[in-house]
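Chemist: Numbering (the working numbering), first residue to last: 42 to 261.
These are computed hints drawn from the structure, not numbers from a lab.
Glycine is no exception: its CB is placed at the ideal position from the N, C-alpha and C atoms.
Accuracy of the hints is not assured; some may be wrong.
Simulated pairs of lysine to aspartate or glutamate, DMTMM-like, Cα-Cα distance not exceeding 25 Å [to be verified]: (1) K220 with E130; (2) K153 with E118; (3) K220 with E240; (4) K153 with D189; (5) K153 with E130; (6) K153 with D100; (7) K153 with E123; (8) K220 with D143; (9) K220 with D189; (10) K153 with E111; (11) K153 with E165; (12) K153 with D119; (13) K220 with D244; (14) K220 with D241; (15) K220 with E133; (16) K220 with D160.
FRET-style restraints, in silico, Cβ to Cβ [said to hold, decoys possible]: (17) S210 with H73: 35 to 41 Å; (18) S228 with S158: 21 to 27 Å; (19) S210 with E154: 36 to 42 Å; (20) E55 with E154: 37 to 43 Å; (21) S210 with R115: 33 to 39 Å; (22) E193 with D245: 20 to 26 Å.
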Amino acid sequence: MESAKKTDLGMLREALDDGRLDAARTIVAELHPAEVALILESLPREERPVVWGLCDEEDEGGILAELNDEVRSRLAEDVGAEAVVAATEGLEIDDLADIVADLPDEISDRVKESLSSADRQQLESVLSFPEDSAGGLMDPDTRSVRTDVTLEVVMRYLRRAGDLPDQTSAIFVVDRHDKYLGVLYFSRLVTHDEESLVEDVMDDTVEPINANQTDVEVAT
């Protein structure tokens, strides 16, 4: 993806410099949200809102979720609370928690206000766990995956996510409501076909973990 990003970034910059916004929009539309996020992270801060304005509205939430914390926070400040609210509408709570956690307070508050009472309560519950606890691990930023993705997708996700805690041998598998379903062992991840689904490879016999256990306790 890295080499593709460099090529796309060059083409996008050329289109922007030439004032060819339609061409720039076409380039952005053909990219995965994770690729758009990488490009945004590569741009100077003042250019990011321009590219953000070229993004498909349906992709904006996914792009925000893929951005690193610093760029996400600054972009949110630059495009404003209403744009962030619109981008995050309809996102799963775990994805929303990952986004909201590091936003400026006034923007995160506005996002929370836009939610239904039930969704807001669920979001606050997810955000209440320490980042290094098992409860805190029930979101994408801390390496949980769902059953309906392939092992290839998991591998790409882990490579992008970066280092895991020492001695970690598995990641949590959760459903769309963050309910614990089991674990995916790295030994299975690297030995099974990359097109296999997580649900076919995971171990669902491992007992759930207390939400207040630390990641070190979970790993051991």
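Chemist: Confirm or reject each hint.
Modeler: Do the hints match the structure? See the list:
Distance restraint check for K220 and E130: the Cα-Cα separation of roughly 22 Å lies within the 25 Å cut-off, and the hinted pair is therefore satisfied. Between the alpha carbons of K153 and E118 the distance comes to roughly 16 Å, so the proposed pair stays at or under 25 Å and holds. For the given pair, K220 sits about 14 Å from E240 by alpha-carbon distance, which is consistent with the 25 Å threshold. For the suggested pair K153 and D189, the alpha carbons sit about 28 Å apart, so the restraint of at most 25 Å is broken.
For a cut-off of 25 Å, the pair hint linking K153 to E130 stands: about 11 Å separates their Cα positions. Only pairs whose Cα atoms come within 25 Å are accepted, and K153 paired with D100 is accepted, the gap being roughly 20 Å. As the CA atoms of K153 and E123 are separated by approximately 12 Å, the hinted pair is consistent with the 25 Å bound. Restraint check for K220 and D143: the C-alpha separation of about 23 Å stays at or below 25 Å, so the hint holds.
As the CA atoms of K220 and D189 are separated by approximately 14 Å, the hinted pair is consistent with the 25 Å bound. The straight-line distance between the Cα atoms of K153 and E111 is roughly 20 Å, inside the 25 Å bound, and the hint therefore holds. Only pairs whose Cα atoms come within 25 Å are accepted, and K153 paired with E165 is accepted, the gap being roughly 9 Å. Under the criterion of a C-alpha separation no larger than 25 Å, the hint pairing K153 with D119 is consistent with the structure, at around 19 Å.
Our distance criterion of 25 Å between C-alpha atoms is met by K220 and D244, whose separation comes to about 15 Å. Distance hint between K220 and D241 is fulfilled; the C-alpha atoms sit about 18 Å from each other, no more than 25 Å. Of the pairs offered as hints, the one joining K220 and E133 holds, with about 13 Å between alpha carbons and a cut-off of 25 Å not exceeded. Taking the CA atoms of K220 and D160, the gap is near 15 Å; set against the 25 Å cutoff, the hint holds.
The given range of 35 to 41 Å is broken by S210 and H73, whose C-beta atoms sit roughly 29 Å from each other. Our hint of 21 to 27 Å for S228 and S158 is violated, since their Cβ atoms are close to 43 Å apart. The beta-carbon spacing between S210 and E154, approximately 41 Å, falls within the hinted interval of 36 to 42 Å. At roughly 41 Å, the beta carbons of E55 and E154 sit within the given window of 37 to 43 Å.
About 36 Å separates the C-beta atoms of S210 and R115, a value consistent with the hinted range of 33 to 39 Å. Taking the beta carbon of each, E193 and D245 are about 21 Å apart, inside 20 to 26 Å as hinted.
This entry does not satisfy hints 4, 17, 18, going by the numbered hints stated previously.
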